[in-house]
Structure formats: structure tokens, C-alpha cells
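There are 2 protein chains.
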Amino acid sequence: MISASECLIFARNTALGLVAWFAIATAVQAQSDPLPSWNDTAPKKAIVTFVERVTKEGSPDFVPAPARIAVFDNDGTLWTEHPMYTQLVFALDRVKTMAKDHPEWKDKQPFKAVLEGDLKALAAAGEKGLVDLIMTTHAGMTDDQFATIVTEWLAKARDPRFKRPYTELVYQPMLELLAYLRANGFKTFIVSGGGIEFMRPWSESVYGVPPDQVVGSSIKTEFFMRDGVPVLLRLPQVNFVDDKAGKPVGINAHIGQRPIAAVGNSDGDLQMLQWTTLGASTPRFGMIIHHTDAEREYAYDRDTDFGRLDEALAIAPINGWTVVDMKSDWKEIFPHK
Amino acid sequence: MISASECLIFARNTALGLVAWFAIATAVQAQSDPLPSWNDTAPKKAIVTFVERVTKEGSPDFVPAPARIAVFDNDGTLWTEHPMYTQLVFALDRVKTMAKDHPEWKDKQPFKAVLEGDLKALAAAGEKGLVDLIMTTHAGMTDDQFATIVTEWLAKARDPRFKRPYTELVYQPMLELLAYLRANGFKTFIVSGGGIEFMRPWSESVYGVPPDQVVGSSIKTEFFMRDGVPVLLRLPQVNFVDDKAGKPVGINAHIGQRPIAAVGNSDGDLQMLQWTTLGASTPRFGMIIHHTDAEREYAYDRDTDFGRLDEALAIAPINGWTVVDMKSDWKEIFPHK
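The listed protein sequences derive, respectively, from chains U and F.
The first sequence begins at 1 in my numbering and counts up one residue at a time.
The second sequence begins at 1001 in my numbering and counts up one residue at a time.
Chain U on its own, in the form it takes in the complex:
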């Protein structure tokens, strides 16, 4: 038998034990490796060191949570951009789908080139040809209709090499980095040269990034009431190009403060990296994903039309930017094996 006071002590200890169990469970979770797809090389150490510096209360490097803003390029940084930007694949597919209502396209560039699969003729149509393609395939419908078109296309389209949906060709190490930053009080944003409305229908389910934390290029839209129903119509006019020097402008417009961490993979991310990391009074983190793994993904930098990386790579050491060598720094590339 047990005395009443012994029992009280036991009961108190049980209650305290419950509280302690919660505390231990939380601590264990925090200690397990948050970046298992990263090899234990310099980039992983740089990430963890930076996050620990800015989140340690009382430290001179501490950054309060509302200022923990991290920005990520999308094409080539969060998902594969070779052999062609996925949004361009989408536009070419749309031309083929829409062609039955446009018999005149058989003789009209750049549509003729797309329908005949003549990539040389398409390239010859230059930037004007590209803008024509984008406006034809991305405008003239409501924003809701466009989101549906994108969602339905992504559900069916398959990458020709990996035979998988494009939304599965996202980088596992980057998914872990996004989650690790968010677990440490960061707000994560996508800042992409790609179309803002092309990314939003799937950014939350794939990356955990809600639509209002996606920054990208856009066309103009117009609001009006049609038969008592509010409509936002997509117009065939460029509104904003979120690339190169446009990225800091887009960041300012949407986020309204300078990020403290930026990750990109091309010269299109150079100004975003400069804006994030240079001339600042608090610690900053800049990172470049260098595509070096032709076997598991692709190897390219200077000599490509999609994600050209030259100047940013050259000045990375001067600016203290971490360069990720995909081949040696990433244990896994994709979520699937």
C-alpha cells in the first residue's frame, strides 16, 4: 500500500512527466537532421551556420522573425529548367491545342514553326515571336480559366526524359531547405522570371509557398462586371518582367523589405543576390545552384539559353555567396528515386 502523500507526489511527478515528455519530444524533433538530402559539405554547413546565427536570441546577429525573408528563384533553382523552361513547353503545347481554331497559323510565324516542330525557325522569330506566343497562349481568358488550363496541363504533361509530371522534377534538397527555413521563422518567397499566374496554381501544394508569396512576370489584367458577375480578364500586354534588375523591383513591390537570404542559379538572379546580400548591416546569405550533374539531371552554365550562369558565378567568391555543386553537394536530386 502507498500513503496518500506518496501518491500525491507520484501524481505530481506523472503530471510533470507529461510536461517533460512534450519538451523532450519537441527537442528530439529539432535535433534530427532537417537537410538529409544534402551531403555534409560546405553548402550545408553554410546554411545551418547562417540560420543558427540569425535565430539565436541575444546574439548580435539575431534577426527578428518578421525580417527573416528568404527568396528563391524557380526555374533551375527549385525545379528543372532543361532542356526548355516548362512554361515554354506549356506555351508550345497550347499552340498545338488551339491550332484547330486557327487554320491561319499553318502559314503564320511563329505558330507555323511550333506546329512543324521547327525549333530553328522558332528561334529565328526572336523575342517578338516569343512575346507573340506568350500573349496568344496566356491572354484572352479570365484568371480563373487560366489557372484551370495550367492545372489541367500539368496533370497530363510529362517530361520526355524523366517520364514524370513536371511538378515532380523539383529538387528534394530545396524542398528541405524551404521547410527548414520556415521551421526557423522564415517567410519563403518565390521570385521568378516565369509567369506569376503560371506558378500560383501549384506553388502551395508543391513548395508550401502560398499564392501571395509568389513574385513573377505578369501581363496586364482588367476588372469589370459582366452580367452581374465580376471578371478579371487577362490582356495581351506585358505588365512586368521579373528578371535581372527587375527582381529587386519585384521584391520591393511584393515583399516591401530586403530579404536576408536569396537562392538562384543564373545571371538572371544576379541583382536579386546583390540586393539581398550587399551593403547590409545584418548577416545575409546568398546561394547559387550550379548544375554540374549531367547523369542525374543536367550540367550547364555559360553555354545555354535556359538559365545561363556566368557573371554571377564569377563574382560569387568575392561576395561570399555559397555555390552548390549539385553533383557533389546533393545526395538526392528529386523526391523520387
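No wet-lab data here; the hints were simulated from the structure.
Treat each hint with caution, since some may be false.
Stretch by stretch, here's where chain U covers chain F in the computed footprint (C-beta under 8 Å, at least three residues) [claimed, not checked]: (1) 1212–1219; (2) 1224–1238; (3) 1251–1260; (4) 1274–1288.
In silico lysine to any residue, SDA-like type, Cα no more than 20 Å apart, as pairs [said to hold, decoys possible]: (5) U:244 with F:1224; (6) F:1220 with U:257; (7) F:1128 with F:1109; (8) F:1244 with U:180; (9) U:244 with F:1226; (10) U:220 with F:1220; (11) F:1056 with F:1068; (12) U:244 with F:1185; (13) F:1187 with U:292; (14) U:244 with F:1231; (15) F:1244 with U:224; (16) F:1220 with U:246; (17) F:1244 with U:227; (18) U:220 with F:1227; (19) U:327 with U:283; (20) U:187 with F:1187; (21) F:1244 with U:182; (22) U:187 with F:1227; (23) F:1187 with U:226; (24) U:220 with F:1185; (25) F:1220 with F:1205; (26) F:1220 with F:1282; (27) F:1187 with U:222; (28) U:220 with F:1244; (29) F:1187 with U:204; (30) U:187 with F:1220; (31) U:220 with F:1232; (32) F:1244 with U:225; (33) F:1244 with U:327; (34) U:187 with F:1185; (35) U:244 with F:1232; (36) F:1244 with U:229; (37) F:1128 with F:1140.
Every residue, glycine too, gets a C-beta built ideally from N, C-alpha and C.
Since chain U is already given, all that's left is putting chain F on it; use the hints.
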């Protein structure tokens, strides 16, 4: 004496009691009135009914948290806009401060009118005069410099009638509504015709709305490197006017999904209310703040240049929008007595 099994049961009950205590403490907190500055009239009931409908899991009206987007106009909805928009007071003050470096303004409109306090001549300068004023006072500096100018001005400026900083002339019932929505999983955004960079320096401390959840009118900015330091320069060119049919466009650009709740106070909010509430498949909430309290604040609707309310008020009943009569529906107006 107590048997070991009795003691085990007691210990278990103590532990369960601890868990129950947390649950009760949370429930009690949830039951205390979240809107104490609202009288128990129709608007308060409409707010609570809507929030309970969309947050009740399993109900056909349930809206998942990521889609719980609420948008608020600022001038006249969250803070006082009479006798003149605060941002215009700021611009006029800036002209006076800058005048010592611009002797030519003594003979040049609209600056002459501002320096002489001649509001009639200022009004005669029309929209072009207003744009000139805004560009002169809001452009030509970096975004950091502008944020500092705004912050320093707000710290010193006092409203002539209430003798208080403008950031204290915010509506207590609206602060409670913002907090109540956030406590129920809503993300709250400001969608204002005012300047986005004029609101961001103080939106988080005053409203609990972070800079990236502020949508507003803007001028263009340009990014470049100056002596190794990244700079965003504010240019004297209009970028976007976030008013009337511009509000749904701004909402789409920044938020990327239709809100389920919108609050405004003028015809400038009409299209935002339409975009939020009409032709939707889930429950929506629209609310108009009607300024009816000349004694505690101001009384105006049709006959004013600042926050004119006519058409939106007329069609509110047809659209099921809740109209707040400030005089009878608000127990308190401001946070101070």
C-alpha cells in the same frame, strides 16, 4: 492508505486534469468577447456569424485556412481620412520642408498654393497639380530614405483636431476585427488607394499587417549598383493606381486569390467589394463603414472629396453587404478615450 492501483488512477486523472485545464483555459479565452468595442447590433452579429460559418469543420460552408483572405481599405476604413487624407497632409508638409532648397516654388504652382496655404488655388491645379506634388515629394530618393522620411514625419505630425499622432487615429473596432479574423486563421491584407510605401513603415506595428500584406498605389522604382552598394531609386512616374477597378487588379497581382471578406468605406472600394463577394461558390462577407458620427469623428458620405460614398451605399442591401453606422454600432472609435 491507498492501493497502488488507486494511486495509478489518481495519477492518471491528475495528468488528464492538466490536459483538460489547458483545454478549458483555451476555451475560456475563446469565449471572451473578441469585439468589445462593437455594440451588440447587426454588424457585430454578421461578423461573428460569418466567421463561425467558414471556420466550422465539416460544415458545407467551411473554408480552409489558406483561402481565408480578408482585405481592408485603409483611409476611412482603418484610420481617419478627414478633413484630408493623411498622405496629402504629409505631401503638403514635405513641400514646406523642401521649399528652402527650391526658391523658385514661390512663383510656381501648385507649390505656391501649398506654401501660401491657398487650398482653392491648390484645388484649381487639379489632378495634374496633385501628381506634381506627389512626384516631387515621394520620388528622387531611395526606398530606405523614403521610409525614414515617412517614419520621422509620423512621429512628429499631429492631427489638428484630435492633437494626436495620425497613427493613433485608427479605429479600435477595426483593430479588434483584424485581430479576431487572424485568430480564426484569416490572413489580413490592406488594399488602399494610398501609397504602398507610405503605409508599410508602420502597418505592422499599428495594424499587425506585415509589409508584404500591404497593397497600394505605387510609383516606379529602378535598381542599380552605386559604388558597390545596391540601390532602389524611386522615380517620378506613376506605376499603379490601386483604386476603384484597380483594387481587384491589385488584389490579384499581390494576393493571387479572391478574398472571402472585404471592408471598405467609399465608392473607391466598390469593385473590391464586388470582386470579393459576387458570383462566388463559398460564403462571402462585404462590409461598408458609414461615417455618421460628427461628434466623435466625422459624418460624411456623398458630399466630400475624401472618401465619397454613394453608389456602394445604394447597392449594399442588394448585395447583402453589412453597413456599419459608426454612431450606433461602435462603442468606441479610437484606442484612446
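Outcome of the hint check:
Counting residues of the stretch 1212–1219 of chain F whose beta carbon lies closer than 8 Å to any beta carbon of chain U gives 4, which reaches the threshold of three, so the coverage claim holds. Proximity of the stretch 1224–1238 of chain F to chain U, defined as three or more residues with a beta carbon under 8 Å from a beta carbon of that chain, is established by the 6 residues found. Coverage of the stretch 1251–1260 of chain F by chain U holds. Counting CB-CB distances below 8 Å, 6 residues qualify, and the rule asks for three or more. Counting residues of the stretch 1274–1288 of chain F whose CB falls under 8 Å from any CB of chain U gives 4; the rule of at least 3 is met.
Under the criterion of a C-alpha separation no larger than 20 Å, the hint pairing residue 244 (chain U) with residue 1224 (chain F) is consistent with the structure, at around 10 Å. Between residue 1220 (chain F) and residue 257 (chain U) the alpha-carbon distance is near 16 Å, which keeps this suggested pair within the 20 Å criterion. With a C-alpha separation of about 11 Å, the suggested pair residue 1128 (chain F) and residue 1109 (chain F) falls inside the 20 Å cut-off, and the hint holds. Of the pairs offered as hints, the one joining residue 1244 (chain F) and residue 180 (chain U) is violated, with about 41 Å between alpha carbons and a cut-off of 20 Å exceeded.
The straight-line distance between the Cα atoms of residue 244 (chain U) and residue 1226 (chain F) is roughly 16 Å, inside the 20 Å bound, and the hint therefore holds. Straight-line distance between C-alpha atoms of residue 220 (chain U) and residue 1220 (chain F) comes to about 16 Å, which keeps the hinted pair within the 20 Å bound. Between residue 1056 (chain F) and residue 1068 (chain F) the CA atoms are separated by roughly 13 Å; this keeps the pair inside 20 Å, and the hint holds. A C-alpha spacing of about 36 Å is found between residue 244 (chain U) and residue 1185 (chain F), which places the hinted pair above 20 Å, so the restraint is violated.
In summary, the hint linking residue 1187 (chain F) to residue 292 (chain U) is not supported, as the alpha carbons are separated by about 40 Å, beyond the 20 Å threshold. With a C-alpha separation of about 14 Å, the suggested pairing of residue 244 (chain U) with residue 1231 (chain F) holds against the 20 Å cut-off. Between residue 1244 (chain F) and residue 224 (chain U) the alpha-carbon distance is near 10 Å, which keeps this suggested pair within the 20 Å criterion. The suggested pairing of residue 1220 (chain F) with residue 246 (chain U) holds, with an alpha-carbon distance near 11 Å, which does not exceed 20 Å.
For the given pair, residue 1244 (chain F) sits about 19 Å from residue 227 (chain U) by alpha-carbon distance, which is consistent with the 20 Å threshold. The hinted pair formed by residue 220 (chain U) and residue 1227 (chain F) fails the criterion: a straight-line CA distance of about 35 Å is larger than 20 Å. With a C-alpha separation of about 28 Å, the suggested pair residue 327 (chain U) and residue 283 (chain U) falls outside the 20 Å cut-off, and the hint is violated. Straight-line distance between C-alpha atoms of residue 187 (chain U) and residue 1187 (chain F) comes to about 14 Å, which keeps the hinted pair within the 20 Å bound.
Note on residue 1244 (chain F) and residue 182 (chain U): the hinted pairing is violated, with a Cα-Cα distance of about 36 Å set against a maximum of 20 Å. Restraint check: the Cα-Cα separation between residue 187 (chain U) and residue 1227 (chain F) comes to about 30 Å, which exceeds 20 Å; the hinted pair is violated. Between residue 1187 (chain F) and residue 226 (chain U) the alpha-carbon distance is near 29 Å, which puts this suggested pair outside the 20 Å criterion. Between residue 220 (chain U) and residue 1185 (chain F), the direct Cα distance comes to roughly 31 Å. Violation of the 20 Å bound is thereby established for this hinted pair.
A hinted pair counts as satisfied when its Cα atoms are at most 20 Å apart, and residue 1220 (chain F) with residue 1205 (chain F) does not qualify at roughly 26 Å. Between residue 1220 (chain F) and residue 1282 (chain F) the alpha-carbon distance is near 37 Å, which puts this suggested pair outside the 20 Å criterion. Taken as a hint, the residue 1187 (chain F) and residue 222 (chain U) pair is broken in the structure, with Cα atoms around 25 Å apart against an allowance of 20 Å. With a CA separation close to 16 Å, the supplied pair residue 220 (chain U) and residue 1244 (chain F) stays within the 20 Å bound.
A threshold of 20 Å between alpha carbons decides the hint, and for residue 1187 (chain F) with residue 204 (chain U) the separation of about 15 Å falls inside it, so the pair holds. Between residue 187 (chain U) and residue 1220 (chain F) the alpha-carbon distance is near 25 Å, which puts this suggested pair outside the 20 Å criterion. For a cut-off of 20 Å, the pair hint linking residue 220 (chain U) to residue 1232 (chain F) is broken: about 23 Å separates their Cα positions. Between residue 1244 (chain F) and residue 225 (chain U), the direct Cα distance comes to roughly 12 Å. Compliance with the 20 Å bound is thereby established for this hinted pair.
A distance of roughly 52 Å separates the Cα atoms of residue 1244 (chain F) and residue 327 (chain U); the hinted pair therefore is violated under the 20 Å criterion. Between residue 187 (chain U) and residue 1185 (chain F), the direct Cα distance comes to roughly 17 Å. Compliance with the 20 Å bound is thereby established for this hinted pair. Taken as a hint, the residue 244 (chain U) and residue 1232 (chain F) pair is honoured in the structure, with Cα atoms around 13 Å apart against an allowance of 20 Å. For a cut-off of 20 Å, the pair hint linking residue 1244 (chain F) to residue 229 (chain U) stands: about 16 Å separates their Cα positions.
Between residue 1128 (chain F) and residue 1140 (chain F), the direct Cα distance comes to roughly 18 Å. Compliance with the 20 Å bound is thereby established for this hinted pair.
In summary, the structure is inconsistent with hints 8, 12, 13, 18, 19, 21, 22, 23, 24, 25, 26, 27, 30, 31, 33 from the numbered list given earlier, while agreeing with the others.
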